[in-house]
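Q: Okay, here's what each chain looks like letter by letter:
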Amino acid sequence: MTAPLLDIRDLAKTFTMHLQDGLVIPVVSGVSLTVQPGECVVLGGPSGAGKSSILKMIYGNYRADSGAIRVAAEDGETVDVASAAPRRVLALRRTTIGYVSQFLRVIPRVPALAVVAEAATAFGIDRDDAERRARDLLTLLNVPERLWSLPPATFSGGEQQRVNIARGFIADHPILLLDEPTASLDARNRAAVVELIETKKRAGTAIVGIFHDDDVRERVASRIVDVTRFAAAAA
Amino acid sequence: MTTDMHAPMDMDTPLLTAESLTKFYGARLGCRDIGFELFPGEVLAVVGESGSGKSTLLKLLSGQLEPSGGRVLYRMRDGVTRDILALSEAERRFLFRTDWGFVHQHAELGLRMGVSAGANVGERLMAVGWRHYGRIREEAESWLERVEIDPSRIDDRPTAYSGGMRQRLQIARNLVTAPRLVFMDEPTGGLDVSVQARLLDLVRGLVADLGLAAIVVTHDLAVARLLSHRILVMKDGRAIETGLTDQVLDDPREPYTQLLVSSILQP
Amino acid sequence: MTSHPTASGYNFAYLDEQTKRMIRRAILKAIAIPGYQVPFASREMPMPYGWGTGGVQVTAAILGPDDRLKVIDQGADDTTNAVSIRKFFEKTAGVATTTHTAEATVIQTRHRIPEKTLGPDQVLVYQVPIPEPLRFLEPRETETRVMHALEDYGLMHVKLYEDIARHGHIATTYAYPVKVEDRYVMDPSPTPKFDNPKMNDCAALQLFGAGREKRIYALPPHTKVVSLDFEDHPFEPTKFDHACGLCGATHTYLDEVITDDAGGRMFVCSDTDHCEERRAEGHRGDLLGEAPAEIAGAAE
Ligand SMILES: Nc1ncnc2c1ncn2[C@@H]1O[C@H](COP(=O)(O)OP(=O)(O)OP(=O)(O)O)[C@@H](O)[C@H]1O
Ligand SMILES: [Mg+2]
Ligand SMILES: [Zn+2]
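Chains as they are written, first to last, in the numbering used here: chain A, 1 to 235; chain B, 1 to 267; chain C, 1 to 300.
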């Protein structure tokens, strides 16, 4: 058996809302799961179960209260995202962990093509190759070419989401986190994303994803993990 | 001690280290017990409301103010780490016009308003010994272009520039000697929203392209979000929360940080 | 040195001995640090500021009974300013005076260096209105002092850059900044840049006195004095297209003078002594016969 690229042990998360008299919102606890190369683990469970929160903790965007998130880093070392220094997390994001968020956070004035290509150059792909990949992906995802030179701020929800997907898929991160990448897409584009995911799996990428669409989920999931089993007890 | 003048840029040794920096103005606290490390190419945002000690901290870090306690270490271009307070005035000035930049909120403070844009950009070059007018001018033109100022305006004085142009000129004037560290005090303060967006985008691009390390003081969390890798939240002179910028803004832990984040729309 | 009361009842050279000693100390310090502006306790003189009270005090401090004094203003010995300063020292010090450069041991000047090469037994005293070359861009005295101390002189080139940007060449023709012995940047007082090369490696001692600003600075004999410039815009002394109309000299600093009511003009040496001497030697300019007597002077 190969070593997992991602190894989560006993992860727990609560939110303390100081502006609401210290209200504590338990999210998850006891989250343990491993992801092998080429595997796509799908997180299931109802809205508010904590699926996105788990992805965000893996990406280092949310802090974990306890537990470990062990990631096989580029340099061969194992890094615990939950306790790593900020620079280490930033380095992991550059080299190891890709992430497609639920929403694109637009950067003012930067055109769509550059938004996508930038994710590749940050990974270390040279400029020309990055731009070629960006064109291929935007074409594959049916983003009209006339939009490529415009900043995505004015794009429709679906167009923005496809730019976001292209941005997430352009590099060759060994670990990829997908938070409802197909949510606002039509059937044709959903199929394109499924194809992209299959390609990544074949290339050995370890994927953790959230998909509300049963059809997509069935097609890409190696395993489905229901997060409700990690439901944290209310404090 | 041996020093290698051509030491490669060591990315894993801090460029600047603040150790328990404390400043009292008489009995009044400026800031207290601030410590952090800044690595090459890293952008740190210092946020907090006015009076929280942000500008005091910036002046301490850049050696413009003497701390009541603690120290600031800086790794010079020769690879040797020095206590900046132990630098001679000549060394400090040299640092300020070569390896450091300082972008003031009010461009007028960072520019010479009485001389042309070209002279403003060229000043640092002349200070480090450039003596070829044509090359100085060429370099100034290319920097004006880089900060999106029409090079045909090179002989105009900054008094004839708009607020946004002045701020961009100030940035060009600072970056012309390829500094490794730039201090910015509210770089977008006092500018219209659209002008701000353009400036931020420009700074973001330059910082990434040049691999600059920067310490940006701002009360605007959107600026911090866009420019910085890490954030340091200050309140009443103390650093109450620090971490990855998106982590602190999306999952703020401290009551004050939660208040800051909740009081704006979408940072 | 004991006091030398003169016939007129003044102390020798007007200033009391203690004041002169104080000024000499400042001069000695200035000589020890070429180009450095030494502060001194400037005294009131019986003439208005702007009449060269700084130069007058320096001259008063170095003058001895055996000295022979020459005073020029824009190169001429006979302007009101030059005449009154010369008279002042004749009266208060009883020293001999001269208009001949070669005969003078002390030459006080405003705005010119004599054309004749100065020798080791001579002292040139400049009257300086504004001694600080950095003031143009940095008005704060506290800051300019630090800049001198740290040799932080980028600003001087900013000024020259600005000149080229505005005029296509370095348009500064007076008070053209120099660097002294590779160390201090110095304002040579409002002499034309034509004279800058004469300051370099000069055999005579050069002293600069600024009365209102209370500064003295100096160039000891054979000091290196380099005019600031750019590689692609090198320093060039002013060149004249004309020869002197009176003596025919082609390498002197010329003044343009109006010769008649009809707007006739001619170019003549600004150094009147030099011009006269050349004519006495037989040199003749194109317009020598036509020039009115008040321009051609006594030599005609
Ligand atoms: N930044 C935050 N601050 C406070 N509470 C949060 C934050 N992010 C998420 N939560 C809370 O944590 C819980 C889990 O939210 P999360 O977004 O992880 O759910 P999810 O399973 O992804 O839901 P959905 O399917 O609707 O996307 C919710 O109660 C949510 O309100
Ligand atoms: Mg979610
Ligand atoms: Zn003549």
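These are calculated hints, taken from the structure and not from any lab test.
All figures in this text were calculated on a predicted structure; none of them were measured in a lab.
Don't take each hint at face value.
To be verified - With beta-carbon atoms standing in for the labels, derived distance ranges:
1) C/Asp232 with A/Pro144: 36 to 42 Å
2) A/Gly76 with B/Asp250: 44 to 50 Å
3) C/Glu256 with B/Ala160: 50 to 56 Å
4) C/His169 with B/Ala90: 46 to 52 Å
5) B/Arg71 with C/Pro234: 44 to 50 Å
6) C/His167 with A/Pro144: 23 to 29 Å
7) A/Gly22 with B/Ser20: 26 to 32 Å
The C-beta atom is built at its ideal place from N, Cα and C for all residues, glycine as well.
Q: Mind listing which of the numbered hints don't hold for this structure, in increasing order?
A: 1, 2, 3, 4 and 6
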